[in-house]
Structures are given as structure tokens and as C-alpha cells.
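Chemist: Sequence:
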Amino acid sequence: MESLLPANARLFRKGYLKQAKPVVCDVRSFESVFSREHPRINDNEAYGDQRNLPDLGTGWQPDGDEINRAAFLIGPVVTKTGGDPTKSRVADIGK
17 MESLLPANAR LFRKGYLKQA KPVVCDVRSF ESVFSREHPR INDNEAYGDQ
67 RNLPDLGTGW QPDGDEINRA AFLIGPVVTK TGGDPTKSRV ADIGK
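Following our numbering, the numbering of the sequence shown begins with 17 at its first residue and continues without gaps.
Rather than coming from a laboratory, the hints here were simulated on the basis of the structure. Warning: the hint list may mix true and false statements.
[To be verified] The calculated lysine to any residue pairs, modelled on SDA-like cross-linking and capped at a C-alpha distance of 25 Å, are:
| no. | residue 1 | residue 2 |
| --- | --- | --- |
| 1 | Lys37 | Val106 |
| 2 | Lys96 | Asp59 |
| 3 | Lys111 | Cys41 |
| 4 | Lys103 | Gln77 |
| 5 | Lys111 | Gln35 |
| 6 | Lys103 | Pro78 |
| 7 | Lys37 | Asp81 |
| 8 | Lys103 | Ile57 |
| 9 | Lys34 | Ile90 |
| 10 | Lys37 | Asn24 |
| 11 | Lys96 | Pro78 |
| 12 | Lys103 | Glu47 |
| 13 | Lys37 | Thr102 |
| 14 | Lys34 | Ala23 |
| 15 | Lys103 | Leu69 |
| 16 | Lys34 | Arg85 |
| 17 | Lys111 | Val93 |
| 18 | Lys96 | Asn60 |
| 19 | Lys111 | Val43 |
[Unchecked claim] Here are the computed distance ranges between Cβ atoms for each label pair:
| no. | residue 1 | residue 2 | range |
| --- | --- | --- | --- |
| 20 | Ala107 | His54 | 20 to 26 Å |
| 21 | Leu89 | Ser48 | 43 to 49 Å |
| 22 | Pro92 | Gly31 | 17 to 23 Å |
| 23 | Pro38 | Pro78 | 15 to 21 Å |
| 24 | Glu47 | Leu20 | 44 to 50 Å |
| 25 | Arg29 | Gly99 | 31 to 37 Å |
| 26 | Gly31 | Gly91 | 15 to 21 Å |
| 27 | Asn60 | Gly99 | 20 to 26 Å |
Heads up, the beta-carbon is just placed ideally off N, CA and C, and yes, glycines get one too.
With the hints as constraints, model all of the structure from the sequences given.
Modeler: Put into C-alpha cells, the structure is as follows:
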């Protein structure tokens, strides 16, 4: 099997690929971080195969202001610390 490294390098150098806009931009205050509040989106994959969890299937309902972790499968998810949490943005990932 031949390496795709030269093709990937060319795509990068020529600027044919661009990073997508973030699907989730979660803004957290320092107070919430230092008080060890859970983030709105769960990125914990420490317990092995989690493909069959309900939040990755259809019909998932959030618990409060929770964000579905399927957003990681759609595009970039970024967290900004030290800002105003009301400025958080979440794209419509229901499609």
C-alpha cells in the first residue's frame, strides 16, 4: 500500500482544505471551572466502547443545558475559559 503523505502534503500546502467552523463553542467562566462544575458537553471516553450510548442515537433529550456529544462527530468543538457563558454557541446538530 502506497503512502498518501505526498497527496496530503500537497492539499495542505495549496490551501485546498480549510478547518470547518466550530459546531460548538462552549464558554465557561473561571468560577465554574474552579468550582469543578461539569462542562455542558461530555467528552469522556475513558470507559471503552461507547457507541451504543443513548446520546449518540436518535431521540436523545438533553438533561438541562447539556450538549449532545454527537457534536464531536460533526465538526470542531471548542471551549473558551474565562468568558461569559451566555456567549456560548451551539449549531443545530439535529439534522
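Chemist: Compare the structure with each hint and give your call.
Modeler: Taking the hints in turn, this is what the structure says about them:
1. Distance restraint check for Lys37 and Val106: the Cα-Cα separation of roughly 11 Å lies within the 25 Å cut-off, and the hinted pair is therefore satisfied.
2. For a cut-off of 25 Å, the pair hint linking Lys96 to Asp59 stands: about 15 Å separates their Cα positions.
3. Proximity of Lys111 to Cys41 is assessed by CA-CA distance (about 18 Å); at most 25 Å being required, the pair is judged to hold.
4. With a C-alpha separation of about 22 Å, the suggested pairing of Lys103 with Gln77 holds against the 25 Å cut-off.
5. Restraint check: the Cα-Cα separation between Lys111 and Gln35 comes to about 20 Å, which is no more than 25 Å; the hinted pair holds.
6. Taken as a hint, the Lys103 and Pro78 pair is honoured in the structure, with Cα atoms around 19 Å apart against an allowance of 25 Å.
7. The hinted pair formed by Lys37 and Asp81 meets the criterion: a straight-line CA distance of about 22 Å does not exceed 25 Å.
8. A hinted pair counts as satisfied when its Cα atoms are at most 25 Å apart, and Lys103 with Ile57 qualifies at roughly 15 Å.
9. Restraint check: the Cα-Cα separation between Lys34 and Ile90 comes to about 15 Å, which is no more than 25 Å; the hinted pair holds.
10. Restraint check for Lys37 and Asn24: the C-alpha separation of about 21 Å stays at or below 25 Å, so the hint holds.
11. At roughly 21 Å between alpha-carbon atoms, Lys96 and Pro78 fall within 25 Å of each other, so this suggested pair holds.
12. This hinted pair checks out: Lys103 and Glu47 have alpha carbons roughly 16 Å apart, not beyond 25 Å.
13. With a CA separation close to 19 Å, the supplied pair Lys37 and Thr102 stays within the 25 Å bound.
14. A C-alpha spacing of about 15 Å is found between Lys34 and Ala23, which places the hinted pair at or below 25 Å, so the restraint holds.
15. Note on Lys103 and Leu69: the hinted pairing is violated, with a Cα-Cα distance of about 29 Å set against a maximum of 25 Å.
16. Straight-line distance between C-alpha atoms of Lys34 and Arg85 comes to about 23 Å, which keeps the hinted pair within the 25 Å bound.
17. For the given pair, Lys111 sits about 17 Å from Val93 by alpha-carbon distance, which is consistent with the 25 Å threshold.
18. For the hint linking Lys96 to Asn60, the alpha-carbon distance of about 18 Å falls within 25 Å, and the restraint holds.
19. Restraint check for Lys111 and Val43: the C-alpha separation of about 24 Å stays at or below 25 Å, so the hint holds.
20. At about 21 Å, the beta-carbon gap between Ala107 and His54 stays in the expected band of 20 to 26 Å.
21. In this structure the hint that Leu89 and Ser48 lie 43 to 49 Å apart at CB is violated, the actual value being about 25 Å.
22. At about 18 Å, the CB distance of Pro92 to Gly31 agrees with the hint of 17 to 23 Å.
23. The given range of 15 to 21 Å is respected by Pro38 and Pro78, whose C-beta atoms sit roughly 19 Å from each other.
24. At roughly 46 Å, the beta-carbon separation of Glu47 and Leu20 lies within the given 44 to 50 Å, and the hint holds.
25. The hinted window of 31 to 37 Å between Arg29 and Gly99 holds, with their beta carbons roughly 34 Å apart.
26. For the pair Gly31 and Gly91, the supplied restraint of 15 to 21 Å holds, since their beta-carbon distance comes to about 19 Å.
27. The given range of 20 to 26 Å is respected by Asn60 and Gly99, whose C-beta atoms sit roughly 23 Å from each other.
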